[in-house]
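Chains as they are written, first to last, in the working numbering: chain A, 1 to 326; chain B, 1 to 661; chain C, 1 to 148; chain D, 1 to 340; chain E, 1 to 130.
Some hints here could point you the wrong way.
[To be verified] Listing some non-contacts, in silico: residues in chain A with all C-beta distances to chain C over 12 Å:
1. E3
2. I6
3. K10
4. P41
5. L44
6. R94
7. S123
8. G138
9. P143
10. E165
[As the list claims (entries may be wrong)] Derived DSSO-like pairs (lysine-lysine); straight-line CA-CA distance at most 27 Å:
11. B:K482 - E:K62
12. B:K340 - E:K85
13. B:K219 - B:K569
14. A:K206 - C:K146
15. B:K594 - A:K88
16. E:K25 - B:K547
17. B:K463 - E:K25
18. B:K547 - E:K22
19. A:K88 - D:K233
20. A:K224 - B:K606
21. B:K505 - B:K337
22. B:K256 - B:K295
23. E:K22 - B:K340
24. B:K208 - B:K234
25. A:K285 - B:K594
Derived from the structure by calculation, the hints contain no laboratory data. Heads up, the beta-carbon is just placed ideally off N, CA and C, and yes, glycines get one too.
Letter by letter, the chains look like this.
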Amino acid sequence: MQERLIERAKELLSDGTVVRVLGWKQGDLGYNPEPAYFNSPEELKDFVYDGFCGANLSKYMIAAGKMEGNTLVFLKPCDTYSFNQLIKEHRVNREKTYIIGVGCKGTLDIDKIKNAGIKGIESISQDGDTLKIQTIYGEKEFPFNDALLERCTVCKGKTHQVYDELIGAEEGEEAGPAGNRFEMVEKLEAMTPEERFAFWQNELSKCIRCNACRNVCPACSCLKCVFDSNKFDSAQKANVDTFEEQMFHVIRAFHVAGRCTDCGECSRVCPQGIPLHLLNRKFIKDINEFYGPYQAGEDTDSRAPLTDYTFEDVEPGIVTERGGKH
Amino acid sequence: MQRIGVFVCHCGTNIAATVDVARVVEAAAKEPGVVHAEDYQYMCSEAGQLKIREAIKEKNLTGIVVCSCSPRMHENTFRQAAERAGINPYMVEIANIREHCSWIHKDIEEATEKAVILARAAIAKVTLNAPLQSGTSRVVKRALVIGGGIAGIQTALDIADAGYEVDIVEKTPSIGGRMSQLDKTFPTLDCSACILTPKMVEAAAHDKITIYTYSEVEKVSGFVGDFQVDIRKKARSVDMSKCTGCGVCQEKCPSKKTPNEFNRGLNTRSAIYTPFAQAIPNVPVIDRENCIKFKTGKCGVCSKVCQAGAIDYEQKDEIVTQNYGAIVVATGFDTIKLDKFDEYSYSTSPDVITSLELERIMNAAGPTKGHLERMSDHKPPKSMVFIQCVGSRCADKRGKSYCSKICCMYTAKHAMLIRDKYPDVEVTVFYIDVRTPGKNFDEFYRRAVEEYGVNYIKGQVGKVAEKGGKLLVQGVDLIDNKRILMETDMVVLATAIEPNPDVRKIATMLTASIDTNNFLTESHAKLRPVESPTAGIFLSGVCQGPKDIPETVAQAGAAAVKVVGLLAKDHLVTNPCTAKSDELLCNGCSSCEKVCPYGAISYEEKEVNDHGIRETRRVAVVNSALCQGCGACTVACPSGAMDLQGFSNRQILAEVDAICR
Amino acid sequence: MQVEKTQEFRPKIVAFCCNWCSYAGADLAGSSRLAYPADVKIIRVPCSCRVNPMFILRAFQRGADGVILCGCHPGDCHYTTGNYYARRRMTLLFSMLDYLGVENGRTRVEWVSAAEGVKFSTTMNEFVAKIHSLGENVRLGDLRCKKD
Amino acid sequence: MYQIKKDRLPELFAAMAGTQDLFLPIRKADQTNYGLWTEEVQVDLDTLKTVKSGKDCFFPQSETLYSCKKEDGKLSIDPAKLTDEPFVVFGMRACDVQGLKVLDNVFLNDPVDSFYAARREHGTVVAIACHEPEETCFCKVFGIDAANPAADVAAWFVGEELYWKALTEKGEALTESVKALFTEADESAVEEEKKQIQAIIEKLPFSHLDLSRFTPERTMELFDSPLWEEMFKPCLACGTCTFVCPTCQCYDIKDFDTGSGVQRYRCWDSCMYSDFTMMAHGNMRTSQMQRFRQRFMHKLVYYPANNDGMFSCVGCGRCVSKCPASLNIVKVIKKLGGEA
Amino acid sequence: MHRTEQEQAELLKEISGVDTKKCMKCGKCSASCPAYEEMDIRPHQFVSYVQNGDVKALLKSKSIWKCLSCFACVERCPRDVKPAKLIEAVRLMVIRERGGNYLTPDEVPELLDEELPQQLLASAFRKYSK
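Chain A extracted, bound-state conformation (with noise of 0.2 Å):
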């Protein structure tokens, strides 16, 4: 497939359909690769598209809508999602975009696999439905399933929302493992205030602010965060105290609620691991119980749940009398 990737960009590059070519480029590690431009076919060479290729390149056509000529950019299923939520916010520029759906297999997490307690990884290659994984340490086997990130086992599906053509993504496609997505955010409802409030303390203690989840996010494409801005005196650097965490956190999930796909990506790059989906999908399932089933990205105009409203939509007590456990 990569293979195909990369004949078919160096053809709408050498027929000046797109002067660029957003992919991902080989990593230095087994695990690495990073996302790229490529401007020239002989570019090409380092392009690469396996299951490390998690990165959403849906936020890059922001700035590459900026640029001059069209962009080439590969999108996987679930990125398309997010690519529409974009031309629904005026974000990126759709004339200008050349999209390539492309096939996907589900994206790894490699700490899953470092936690295993696989060290010193020199090289990882797929057989079947195993990674092979040379290190200094040996040669070692993971289950690839095991290896999915969290949100590759709750697959929105294989099909792509918006594209120009497909390559890998052929028709009636299987999707990926269909868990429960609102498994965890259901067990959280299910524990007392006491223990949520002890579950969120301990994640959200982790965080170091260190912003990565917001700027990866495609639905965080505010040219100037409130949280970077003096507006409502919110701007700052470090969690001084437990409660810039959870205003941090939580007005960010209540800016992207109803506009976040649920991509994923905040929870891939948080470097201390906190579950931040998890915020993301309460509102998500709160939003769908509520007010109908809605699924952001999936077209781009119709109105997005907090800006629309219903005569009949449920009071704010709702909370209290559905209750949970006190």
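On the provided structure of chain A, position chains B, C, D and E as indicated by the hints.
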């Protein structure tokens, strides 16, 4: 840094009895920025205002905090005082230490402590206040009346008589409305047409009134003083300038099977029709859905018989765009559907009718030419039963929670008229209560009982069933506590009225608020009964609540006066507390635009200089004349680019901080 | 930091009231002399839709023990639709705070019309009682803002 | 040299913590970071790299400098107390220890940073040799020997034993205080371990990076390299690399209005942030490329130029494993250094 | 346990879930009732009797055994008062006061009658099983 003056009002003893005013002054004086603090008996008095003006001059104050009654009471007074002393009126903030403090707390210690905090919050806010300038907007000297019933006609006449142009938009082919369907009117029993027709003619002839019949309001933009309205003139298929109103076309039209709306479907009409003889304009319309020419392309009889050559099958809908300073809603009512009241057999028996249908039956121009007869066999009835409160005063979803107000009186009228004209007909009225507030109303009802021998029974009917050509009415007499089972020939249901179903659509276009029953909400139930809370929108007739003709006419006049009062102004002062977007922070994401109820936000491609980075960005721009200052956009905006002047993020946060300190 | 256990707990309560209905409702409660605890302090906003979740969190940060938002009844908003947006925003925010383990009785939305002085007063009495039962807000506060 | 059985470590921690604060790697919510030892915490000495380095213990992510209050028109200032009690940091690695030396050059030279100086004066560092170095490690490039951490006390895990050797006076003093728990041991016990570590390090993919081109003379050449424009593109401008780095020392000073006063505090800053070095007139680095370049030029060129050739990267590899866009200093060294 | 009439009235409201204050005394319940003529106290009176605390009369009334539980009154009441539920509640109160079932389930079949409405049976059996 602001130089703030704090003025604490005693309000006689209203405040001073429970709030230690001196302590509030003392505490306020210590707040940062405060350079002057004093108290006075009545700050709102001329002497009190003078104190503010003097302090502004002497101490060079830039911000004012008045600790007094509710800002809803005297905010304007103090703003004006500040303005007279040369500072911007929006540099004044009120701490409400009367309604929100002294009047509800008994303990002096507690009340004083709270007053200090409220003062502190107002000081914190005023520190961040910025001078705001009110703009002005023009007033278009023309009014629009939506609905051409008696309410709309009367309003239009009164406005036109005051010398302003008025347009009436009426959905049906003729003005006249419900009143034109009525036979007689209570309590004087004069003929409805006899009193309505002259008004219709007067409106049509008035040189300041333009009537758009068979037309609907399609789009409304703008705001008080300058609404822009698109009116859709539906294709009449008859050229109004050529038609003489001779009526031959209607006679010759071969398609005569369409239920006649004007007669409530009790008979049929032709496809080309005028709803009734006195219609204004007296120009028919072709009902394209039922016209053979439009359905099959063949026919064209009307065109052939029209001497004036007025028939125009090619006519298209036309959009008229017009600006108005004020809009009056007079959309009236309809009766509710009775499909949920099976117990009364309305949908199964033609002899069970609504009161409005009875009006048509009683009317000389109606389906029976005014003869009282059963619709099933066209025989005159020997007995009739009237059932009150059908769908009114209902707690469940089948009906309406309110009293329809007019039914008691028209039922008495019907009963009386029938007993008068057909003395051998037995008339029984089943009622829950008889409600007759109004001049000469109860006397009217008593005459029906005492002089005309109408039999009033207290108790609701449980069931009406058809049985051998008769109607079996099962009821109860609550006074005698006995079952009533009676056979009758006709049953008349006093059906609840409800606002015209189109009103919700119109209210949305006008951003006028509406209650759960679809009645338009008035700005104040007692003091502003003919104004909608949306500036420039006025209410006339039943669209605001159930009422009879005299009340409707009175309200129509009142609405007209309010409109005239508005149109008489040369310009309006706009609210300066509007939203404002910081173009350096704006992402152009359109969230704000989506929640703006006034369409005040648009987007522009704009060249910005963001700390040295020059680029063209899509940014939100607020039209301050349209913005009403609700602030919905400020919260929809994730980046904090959108802020509300006078209630800015930082001002509100400062208040929060001051309260929680 | 020592919290005086013997001292009676006086909660800090911020009430955001829309200018057209609820603020007027509070005025009516005042002119009708319908008492409610002085712990409640009202901030006037043009519409319930003006209230940003950040205002609510800020209040808690600064030591508020409860925050209540009052607006016109749905359908009666002066700006037609403001409270519908507020309703969605607050529903989701409150649900999120609950999810984080913050006691959900600390936040409340109540629709109070200009005519409902009684309702305003009853609501505030109830809310203060609820906050009393929940005690001091420790889960959403900022230690730096505690007066010591 | 002393030794103690691994399973008796809790006793050792308790003994050290008895008289002073003890910071060590603690597992919490699936991540390991330095924290204060108590009996309840889950100590984690198996994880090679804590998420944040031990830098925190000497230069915390945020700390209050002073608070001030205005009452009745009078301003009072209350400076924060400097650390005046001894404490121990247990479990740092050779690279992190070198990181402290990088910080020392910044904070202990004139003007001395009194907050940092006080902590350095009172802190004793016990460092552990890296039993199983990982592929992201490249400390060797900077002349650091992961088998011989240069702290106050060096320690080695061999089998079921911890070996302990004081290297400085502070280390001696600490050793003295807990000596009762130890038994004497022979230096030779750790020789094999050291050799093994060094052998692994030789095999690590990044152990032989070429730094020869990063010299002060080439400053302008490197600064003007067109490669920056290409390299920075995937950068998300987050602060992950900065905040996990053991040598990053930039901080911002901010005020927090508590409602009843103001707390002035400092917190780590990141050169990746758009408001880094933001001044009244604006920002002299207007693009992300410039900020990106700043980070690596500082680590590899400016700092060594001012500090006798000492690089301000210690090869811990945290940025290598944590960068959300898989960018890192290794890729920069290779690219600019001419390897890739 | 002994209750005052007022307490009994409260209990009736609680069991039935009926808010007697909602009644506007229109009489539609009685007008709809097929068993009206058989009753000594009529459906609409049940509402006012309970409202006025006159429970003794209701407990003695034969109407409670005449009500067919056809729910016509519930269906048609404009105020959503549900008189049939009130009658049912009085019935329950009588049964409970008598201290249990006075008909055993075996006795029920004997009483079966072809013309008996199904609803009555269902309701009667519910009554006896309590």
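Inset, instruction - Taking the numbered hints from earlier one at a time, note which ones the structure violates and give those numbers from smallest to largest. - result: none
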